[in-house]
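Build out the structure end to end from the sequences listed, making use of the hints.
Chains as they are written, first to last, in our numbering: chain A, 1 to 497; chain B, 1 to 108; chain C, 1 to 117; chain D, 1 to 235.
FYI, nobody ran anything at the bench for these hints, they're computed from the structure. Be aware that a few hints might be false.
As the list claims (entries may be wrong) - So the derived label-pair ranges between C-beta atoms look like this:
1. C:63 - B:91: 45 to 53 Å
2. A:366 - B:25: 52 to 60 Å
3. C:63 - B:25: 38 to 46 Å
4. D:154 - A:108: 22 to 30 Å
5. A:453 - D:170: 36 to 44 Å
6. A:286 - D:7: 25 to 33 Å
7. B:25 - D:7: 17 to 25 Å
To be verified - Take a look, some chain D residues computed to stay more than 12 Å from chain A by CB distance:
8. 102
9. 104
10. 118
11. 128
12. 202
Since we're looking at a predicted model, the values are computed, not measured. By construction, the Cβ of each residue, glycine as well, lies at the ideal position given by its N, Cα and C atoms.
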Amino acid sequence: MSSLAHLLPLTVLLPITAGVLAPALFHRRGLACWWWALAAAILTFATTVTLWRQLQSGSTISYPLGGWPPPYGIELVFDGLAALMLVLCALSVLILLAARRYVEATVPSSRQSLFYALILINLGGMNGFVAAADLFNLFVFMEIFSISAYALVALARGPVAALAALKYLLVGAVSSLLVLLAVALLHAQTGSLNMSDVAGLLAQAEAPGASALALGCLVVGFLVKAAIFPLHFWLPDAHASAPSPVSALLSGLVVKMGIVGLVRTRILFAEAEIVPLLMLDNLLVWLGVIAILAGAVLAMVQRELKLMLAYSTVANMGYIALGIGLATPSAVSGALAHTVYHATIKTGLFLTAGSILLCTGLSRVDDLRGLGQRMPLTSGALVLGLLAATGIPPTAGFVGKWQIALGALQAGQAWVIGVILAGALLTLGWAIRVINSLFFRPPARARVITANEAPVSMLVPSVLLAVLAVSAGLGGAILLGLVEPLALAIVGADHDH
Amino acid sequence: MSELLLTTFAAVLIAAGCLFFLAGTIGLLRLPDFYCRLHATTKCDAVGAVLILLGVALIAGADTQTVRIVALIALIAISSPTAGHALARAGWHAGHRPWTREENDEPE
Amino acid sequence: MTEGLAHLDYIAVVILFAIGLYVVLTKQNLIKKIIGLNIMETAVFGLIVTSGMVDGGSPPLLGQGLEPPYASPIAHALVLTGIVVALSVTALALVLILRVKAECGSIELDELLEPDE
Amino acid sequence: MRNALALLIVIVLAGLMMAGVSQLPPPGSPDGAVHRHVAAHYIDGGTEAGGAPNLVTAVLLNYRALDTYGEVVVIFAALVAVLAVGLSGHSRGPRRQPDELPVSPVVDRIIRLLAPFIALFALFMILEGHVLPGGGFQGGVVLGALLILLSLVLGPRRIRRMLPTPALFWTRAIAPLVFALTAIAGLALAGWLFALPEPAWLRELILVGLELAIGIGAALALVGFYLSLEADHHD
Numbered sequence: 001m002s003s004l005a006h007l008l009p010l011t012v013l014l015p016i017t018a019g020v021l022a023p024a025l026f027h028r029r030g031l032a033c034w035w036w037a038l039a040a041a042i043l044t045f046a047t048t049v050t051l052w053r054q055l056q057s058g059s060t061i062s063y064p065l066g067g068w069p070p071p072y073g074i075e076l077v078f079d080g081l082a083a084l085m086l087v088l089c090a091l092s093v094l095i096l097l098a099a100r101r102y103v104e105a106t107v108p109s110s111r112q113s114l115f116y117a118l119i120l121i122n123l124g125g126m127n128g129f130v131a132a133a134d135l136f137n138l139f140v141f142m143e144i145f146s147i148s149a150y151a152l153v154a155l156a157r158g159p160v161a162a163l164a165a166l167k168y169l170l171v172g173a174v175s176s177l178l179v180l181l182a183v184a185l186l187h188a189q190t191g192s193l194n195m196s197d198v199a200g201l202l203a204q205a206e207a208p209g210a211s212a213l214a215l216g217c218l219v220v221g222f223l224v225k226a227a228i229f230p231l232h233f234w235l236p237d238a239h240a241s242a243p244s245p246v247s248a249l250l251s252g253l254v255v256k257m258g259i260v261g262l263v264r265t266r267i268l269f270a271e272a273e274i275v276p277l278l279m280l281d282n283l284l285v286w287l288g289v290i291a292i293l294a295g296a297v298l299a300m301v302q303r304e305l306k307l308m309l310a311y312s313t314v315a316n317m318g319y320i321a322l323g324i325g326l327a328t329p330s331a332v333s334g335a336l337a338h339t340v341y342h343a344t345i346k347t348g349l350f351l352t353a354g355s356i357l358l359c360t361g362l363s364r365v366d367d368l369r370g371l372g373q374r375m376p377l378t379s380g381a382l383v384l385g386l387l388a389a390t391g392i393p394p395t396a397g398f399v400g401k402w403q404i405a406l407g408a409l410q411a412g413q414a415w416v417i418g419v420i421l422a423g424a425l426l427t428l429g430w431a432i433r434v435i436n437s438l439f440f441r442p443p444a445r446a447r448v449i450t451a452n453e454a455p456v457s458m459l460v461p462s463v464l465l466a467v468l469a470v471s472a473g474l475g476g477a478i479l480l481g482l483v484e485p486l487a488l489a490i491v492g493a494d495h496d497h
Numbered sequence: 001m002s003e004l005l006l007t008t009f010a011a012v013l014i015a016a017g018c019l020f021f022l023a024g025t026i027g028l029l030r031l032p033d034f035y036c037r038l039h040a041t042t043k044c045d046a047v048g049a050v051l052i053l054l055g056v057a058l059i060a061g062a063d064t065q066t067v068r069i070v071a072l073i074a075l076i077a078i079s080s081p082t083a084g085h086a087l088a089r090a091g092w093h094a095g096h097r098p099w100t101r102e103e104n105d106e107p108e
Numbered sequence: 001m002t003e004g005l006a007h008l009d010y011i012a013v014v015i016l017f018a019i020g021l022y023v024v025l026t027k028q029n030l031i032k033k034i035i036g037l038n039i040m041e042t043a044v045f046g047l048i049v050t051s052g053m054v055d056g057g058s059p060p061l062l063g064q065g066l067e068p069p070y071a072s073p074i075a076h077a078l079v080l081t082g083i084v085v086a087l088s089v090t091a092l093a094l095v096l097i098l099r100v101k102a103e104c105g106s107i108e109l110d111e112l113l114e115p116d117e
Numbered sequence: 001m002r003n004a005l006a007l008l009i010v011i012v013l014a015g016l017m018m019a020g021v022s023q024l025p026p027p028g029s030p031d032g033a034v035h036r037h038v039a040a041h042y043i044d045g046g047t048e049a050g051g052a053p054n055l056v057t058a059v060l061l062n063y064r065a066l067d068t069y070g071e072v073v074v075i076f077a078a079l080v081a082v083l084a085v086g087l088s089g090h091s092r093g094p095r096r097q098p099d100e101l102p103v104s105p106v107v108d109r110i111i112r113l114l115a116p117f118i119a120l121f122a123l124f125m126i127l128e129g130h131v132l133p134g135g136g137f138q139g140g141v142v143l144g145a146l147l148i149l150l151s152l153v154l155g156p157r158r159i160r161r162m163l164p165t166p167a168l169f170w171t172r173a174i175a176p177l178v179f180a181l182t183a184i185a186g187l188a189l190a191g192w193l194f195a196l197p198e199p200a201w202l203r204e205l206i207l208v209g210l211e212l213a214i215g216i217g218a219a220l221a222l223v224g225f226y227l228s229l230e231a232d233h234h235d
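Right, dumping it as C-alpha cells:
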C-alpha cells in the first residue's frame, strides 16, 4: 500500500475540520469565511484527484483506520463509486463559489459562518458515506450529512421553509432509523459490521427471513433518501424552499447518496442467494417507470421554476432506479453515469435559478417573461441546462438514458424504451414552456425590465456547468468505462445463476 | 425465620412501591389538569422509588451496596420534591390555573 | 426456555417499534410525532442491546474481577453512538417545531396544511 | 379511517418484522454470531490490544474511533444547526424581555447543595471512563445537566449572552478538534490515522484527553440546545 492511501480519510477529515473551525475563526466575517470554505473545498477536491490518479494506476484503495485489519476495525474504500466523490467535491466548489452573493444577501451576518460550516460538514459526511465500507460507519456518515441538510433547508426564511425542513427531518429520520435497524439485524445475524465480511457471511447464512427483513429495511431507507417516487413526497418542498445554493447541493448531490446506499446494498446482498433479489429488481423497475412519468407530469403542472426543477429530480431519480433495477451491465452503468451527469445538470440548473431569483426576486415562470434580453448569459445557461435535462444528444442527459435503453433491450423489456422516450418528451414539454417564456415573450414585470446580468461569481459556475451539461455527453465513453467494473460487480453475481 | 420475615417485609415494601408507580402513572394519564397530574407523578419518585430502594436495601443487608442505596434514597428524597415544586411554580407563573369542578366540566 | 419464548425480547422490541411508527403516522401534533420517533429509536436501541447480551454474562470490563462470558462491547458502543445521534436529531426537530409555531402559529399538522395554500 | 389504515399498515409491518427477527439467533445465547466473531476477538485481545480495560471505551475510542469521531461531529453539527435555525437571533423589532421569574428559594438552595456532588460525579465518570462504566458522553451529559441547572439559578440571561461568541465556539469545537489532533498524532507515532500510539502511559493520557474533550463538547452542546429552546420560548 502506498503512502498516498493516507489521503483517503483526509477527504472526510479535511472538510469537517474546516467546517468545525469556521464558526470559531470567522464569527461575523462572512467573506473571510467564504474564502476559508472555498479553500477547504478546493483542497478536498485536490485530495480526491490525487487519490483518483492513484486508483487509475493500481487497484482499489482501502484504508484500515487505526491500523486494525478490516473485520475488526473500520475500513474506508475508494472504488468505482469514487468517481461520484470526485464529482461531489468539484460541484461543491462551484456551489460555494456561487453561494457567496446569495449568502450575503439572505443570511444574517452572525450566521454566515454557521452556513459555511454546515456546507463543509455536509461535504465531509457525503465523502465519508461514499467511502464507508463499514455498515455502522455508513449510518454515522449518513446522519452527518442528513442533519446538516435539514438545517440548511431551514436556513431559508419564512414559514414554508421551516415546515419543509421539519417534514424533511421527520421522513429522513425514519428512513435513517430503518437503516440503523437493518444494521442491527445484520450485526445480530453475522456478528460483523464490515460490508465485505457481512456479504460473505450472508452468503452462508441460513436465516432467509432475517436477511430479507434487513434487505427490506435498507432498501426502503435508501429509497426514501433517494426520493424514488412514492417516497419522494418530502423532496419538492424541501428542495424548492431551501436557499438556492442549498437546493443545488441537495438536488445535485445529497439525493444521490440514496443511490450510493442502494448500490452498496446490492453489492452486500449480491451473493446471498436466499434473498429475493429478483423481486427487488422488479420493484425498482416499476418504481422507476412510475417516477419517470409522474415526476415529469408533476413538473409540467408547476408554476414555480424551482418546483419544476425539484420534480424533475424526482423523474431523474426514477431513471437511475430503473437502470439499477434492469440489472444488465449496460443499464447499471448507464444508471451510474446518469447519477454523475444528473448531479452536474441539476446543480447547474438550481444555481442558475438561484441567480435569477436573487437578481429579480421572481420565481414563477410566467413572471420571468422576457428575461432573456436582460440576463442573456444566465438565461442561456438555464436553457442549455434544460436541454441537457431532456436528454437531447449529445448532451450529458443523453448518455445515461441511451445506456439504460440499451440495457432494457438486453433484459428483453423493450417497453421500457417507450417510457424513457415519453419521459423525455414530457420534460421537453415543460422545458419549452420555460424557454418560450424566457426568450419569446415580452416582459410582464417591471423587475424583469430593470434586472441586470448576475454577478460574475454566480455567472461563472452557472455557465461552466451549462457548458459541461451540454458537452459532457461527448465524453460519455470515458465515464462509462469508469463505472463499468462497478456495474459488473453489482450484476455479475446475478448472471451466474 | 428472621430472614424470612426480612424478605417478606422487603417484598411488601417493593410491592407497595410498585403500587405507587402504578397509581402515579394512571394519575398522569387520567387526571384532569397539570397540577393534579403533577401531584400524582411526583409520588412515583418520592414515594415509589424510595420504597423500592428500601426493600432492596433490606435484601442486600449490611453490605457496601446498602451504603449506595442509602445515598440514592437521600438524593431522591432531596431532588424529587424540589423538581415537583419547581414544576408547579413554573406552571403557576406560566398562567395555568388549577382545574375546579364547577367552572369547566370538560377536562383540558 | 421454550423455543417460542426464546425471542420474546425481540418480539417486545418489534411491538415497541410498531407503536412508535403508529404514533408517527397518525398523530397530527408535531411534538407527538417526535415522541413517536423517539419510541422507534428506543426500540432499535433495544434490539441492538438485546442482541449483544449473554445470559448470565457480565459487562465487558476487564481487570475488575468479573467472570466471562462478557456481553458484546460492540453493541454497547453502537447504542451509545445511536443515542447521541438520536439526541441531536431530536434537538434540531424541537427547535424547528418552535420556529414553525412562531411563524405559522400552530403545531397541529392538519391546521397547518389546511387553508392558506 | 386514516388511523385504521395506518393501524393496518403497522400491524402488517410488525408481522413481517416478527417473522424476520424470530430467525435471528435467540438473544442471550452465548454462541450467537454476535459473540463469536468480532466481539470475541476484542475480548481475547484484552486490555493490551484495546488500550482500555473498559472494552466499550476500547471499541469507541480505539477499534471504531472513526464512528465516535462521526458521532462528535453529528452533535457539533446539530449544535451549529440549532444555532443557525433557531429564532433567538431573529429579533424582529425591539426584543420583549420576558418577566424574569425569581428563582424559588427551595430550588436555589437544593441546586447549590447538589451542584458540587454532581460536578464531582461527572468528572469521575469522564476521567475513569476507560476503566469503569462511564465515559466522555455519559459524564458530559451529567455535566451538561448541571450547567442547565446552574443556568436556572443564575438566570439564563447571563449565560445566553455568551451564546454566539467565538471563544465559546472554540470550546464547543473541542471534541472534533482534539479527535482530529489525535488522529494525526496516531499517524505520526503509530503509522495510521486514529491509531493510539504505543507506550501505555501515552495511550492512557490520550484516552483521558479524548474523554475529557468529548465530555466538554457534549455538555456544551446540551447547554446550547437547552438555551436555544428556552430563549425561543420566551420570545
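Each hint tested on the structure:
For the pair residue 63 of chain C and residue 91 of chain B, the supplied restraint of 45 to 53 Å holds, since their beta-carbon distance comes to about 49 Å. Checked against the given bound of 52 to 60 Å, the beta carbons of residue 366 of chain A and residue 25 of chain B, roughly 58 Å apart, stay inside it. The supplied range of 38 to 46 Å is met by residue 63 of chain C and residue 25 of chain B, whose beta-carbon atoms lie about 41 Å from each other. Under the hint 22 to 30 Å, the C-beta atoms of residue 154 of chain D and residue 108 of chain A, about 28 Å apart, fit the expected range.
At roughly 42 Å, the beta carbons of residue 453 of chain A and residue 170 of chain D sit within the given window of 36 to 44 Å. Separation of residue 286 of chain A from residue 7 of chain D is about 27 Å and conforms to the stated range, judged on CB atoms against 25 to 33 Å. In this structure the supplied range 17 to 25 Å holds for residue 25 of chain B paired with residue 7 of chain D, their Cβ-Cβ distance being about 24 Å. The non-interface label for residue 102 of chain D is consistent with chain A: the shortest C-beta to C-beta separation is roughly 31 Å, beyond 12 Å.
At roughly 34 Å from the closest C-beta of chain A, the C-beta of residue 104 of chain D stays outside 12 Å, upholding its exclusion from the interface. For residue 118 of chain D, the requirement that its beta carbon stay farther than 12 Å from each beta carbon of chain A is met, with the minimum near 28 Å. Every C-beta of chain A lies more than 12 Å from that of residue 128 of chain D, the closest at about 23 Å, which supports listing it as non-interface. Every Cβ of chain A is farther than 12 Å from the Cβ of residue 202 of chain D; the closest lies at roughly 15 Å, confirming the non-interface assignment.
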